[in-house]
Amino acid sequence: MSIDWVTVIAQAANFLILVYLLKRFLYAPVIAAMDRREQRIKDRLESAQQREQAADEQAQSHENALAQIESERQAHERAAREQAEQTRQRLIDEAREQVSARRAQWREALQQDKQSLQQALRREALDSVIAVSDRLLADLADANLQDAVVQRFAHSLKSDTHTDTEANSQLDELLATDASLQVISSFSLNEQQQTCLSTTLENRLGHAPNLAFKVDASLGLGLALEANGQRVSWSARGFFESLDKRIDTVINEASQP
Amino acid sequence: MTITPDNNVLIKIGVVELNATIVTTWAVMAVLVMVAWLVTRRLSTQAQMSRWQNLLEVLVAKMRDQIAAVSQQAPGPYLPFVGTLFVFILTANLLNLIPGITPPTASLSTTTALALCVFMAVPIFGIAREGFLAYLRQYLRPTPLMLPFNLIGELSRTIALAVRLYGNIMSGTVIVGILLSLVPFFFPVLMQLLGLITGVIQAYIFAILAMVYIASASATQNVHAHPPQTQDQPVQDSHQSESIQDTHQSESNPHG
Chain X
14 MSIDWVTVIA
24 QAANFLILVY
34 LLKRFLYAPV
44 IAAMDRREQR
54 IKDRLESAQQ
64 REQAADEQAQ
74 SHENALAQIE
84 SERQAHERAA
94 REQAEQTRQR
104 LIDEAREQVS
114 ARRAQWREAL
124 QQDKQSLQQA
134 LRREALDSVI
144 AVSDRLLADL
154 ADANLQDAVV
164 QRFAHSLKSD
174 THTDTEANSQ
184 LDELLATDAS
194 LQVISSFSLN
204 EQQQTCLSTT
214 LENRLGHAPN
224 LAFKVDASLG
234 LGLALEANGQ
244 RVSWSARGFF
254 ESLDKRIDTV
264 INEASQP
Chain U
1063 MTITPDNNVL
1073 IKIGVVELNA
1083 TIVTTWAVMA
1093 VLVMVAWLVT
1103 RRLSTQAQMS
1113 RWQNLLEVLV
1123 AKMRDQIAAV
1133 SQQAPGPYLP
1143 FVGTLFVFIL
1153 TANLLNLIPG
1163 ITPPTASLST
1173 TTALALCVFM
1183 AVPIFGIARE
1193 GFLAYLRQYL
1203 RPTPLMLPFN
1213 LIGELSRTIA
1223 LAVRLYGNIM
1233 SGTVIVGILL
1243 SLVPFFFPVL
1253 MQLLGLITGV
1263 IQAYIFAILA
1273 MVYIASASAT
1283 QNVHAHPPQT
1293 QDQPVQDSHQ
1303 SESIQDTHQS
1313 ESNPHG
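From first to last, the protein sequence lines are chains X and U.
Start counting at 1 in the first sequence, then tack on 13, and there's your number in the working numbering.
Start counting at 1 in the second sequence, then tack on 1062, and there's your number in the working numbering.
A couple of the hints might just be wrong.
What the hints assert, rightly or not - In silico PhoX-like links for lysine-lysine, alpha-carbon gap of 25 Å or less:
id : chain 1 : residue 1 : chain 2 : residue 2
1  : X       : LYS36     : U       : LYS1124
2  : X       : LYS258    : X       : LYS127
3  : U       : LYS1124   : X       : LYS55
4  : X       : LYS227    : X       : LYS171
To be verified - Some chain X residues well away from chain U (every beta-carbon gap over 12 Å; in silico):
id : residue
5  : ILE82
6  : ARG103
7  : LEU123
8  : HIS168
None of these hints come from the bench; they were simulated from the model.
For every residue, glycine included, the Cβ atom is placed at its ideal position computed from N, Cα and C.
Given only the sequences and the hints, what does the whole structure look like? Please build it.
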């Protein structure tokens, strides 16, 4: 167990040289490489964090855009629904108006048909009444009734008893002609009746009339005085025809709007 | 039997004699520097790297961690010195496995040289860190009466460093040599394995104790002036700390 101090000094020097060499060739390069790798990893981590942050921001931006698109879609959908609802309501209103118009038109046509039918029925009823009355009067016409008809006709020929001025003037115009007068009846007049009529006309004319008598069954109940194509009559048919004209006038006035 | 390789002069050039200790030391130095140069000339900063680079990075990183854990300081200034102590002693001790070669650490001259380097490094690092007066003031703590004992402690631990390493390695070499003559088969292999373990442990112990001594030179000041600063390894491994404390406490009573 001895110490060689020369060797000690040499070994110390060797060791210090080795310290320098290893620091030069081992520790410094390895630590530098480790530091560079650490820095590289740190940079990559920072880059990754930045990318992640950018990705998050981009994702947030996309989410915002999606939310905006969704909002716009909802707004468009709402507007479309409202427009569709308005269109539907408008179409319904138009359809209702059309239906209402057609219903009114139908009711008007129905009313017109109803009125036409009523008029036709009324007209038919009147015609029937007139025909039946005419028939009844014709069937019931006997001597007394014929006398009454002659008396009524003779009365109407009197100028002072006439209330109808138009009929009276028409009679004057007829009597003013010099043509022969013809008395038309639906039944044959007996002598007394012919005399009554002749007397009445003579009183009115102031002279004996040129009078002839004719039987015409189509005249119905009544008498007619005809001369030179003009006729003055008093008959049930004439009343019925007058009534018929008045009814037509009333119906026409009622049917006009 | 050759006790120390110092007496084994291999080369003699005039008055200069190169003994086995110096020659093997140069061989160890050459191997270490060559391996370091070969590996570090193409270092990769990518995730992919060579196995040798990976080995060296693990070695350097672990040494930095140990230094930071022991010193509670940034390992940068201490790594070349302490790390070279560990690597050199470890490599030299492993030479014990090669038959016919006596490791340079089996020489008391080598261990003394290393201990003297540590002895000198302690005040150098302490003064560089704390200043001259502040460093000298710690010898007066806790009281000036402790100055002689502190000085004796400095010397004794330096001697202990040298003798511990020398004794362990030399004893292993001598025991294997003796057993080869007595029981030439099998048993020397077990002793070689034991020597391998001992060599690794002694390299670790020497380096760690050196770091403890260097750190203690400024630790007294740190307690009062500065909080512990560790840039590279801020978190201290409590288990490692305890084991280092135990080692520190047992330095005055080295085994072997």
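Hints versus structure:
For the suggested pair X/LYS36 and U/LYS1124, the alpha carbons sit about 16 Å apart, so the restraint of at most 25 Å is met. At most 25 Å may separate the alpha-carbon atoms for a hinted pair to count; X/LYS258 and X/LYS127 meet this at roughly 22 Å. For the given pair, U/LYS1124 sits about 21 Å from X/LYS55 by alpha-carbon distance, which is consistent with the 25 Å threshold. Distance hint between X/LYS227 and X/LYS171 is fulfilled; the C-alpha atoms sit about 21 Å from each other, no more than 25 Å.
Residue placement check: X/ILE82 keeps its beta carbon more than 12 Å from all beta carbons of chain U (closest about 43 Å). Chain U leaves X/ARG103 outside its interface by the beta-carbon criterion, the shortest separation being 73 Å against a cut-off of 12 Å. The beta carbon of X/LEU123 is kept farther than 12 Å from every beta carbon of chain U, the shortest such distance being approximately 99 Å. The non-interface label for X/HIS168 is consistent with chain U: the shortest C-beta to C-beta separation is roughly 149 Å, beyond 12 Å.
Checked against the numbered hints above, the structure violates none of them.
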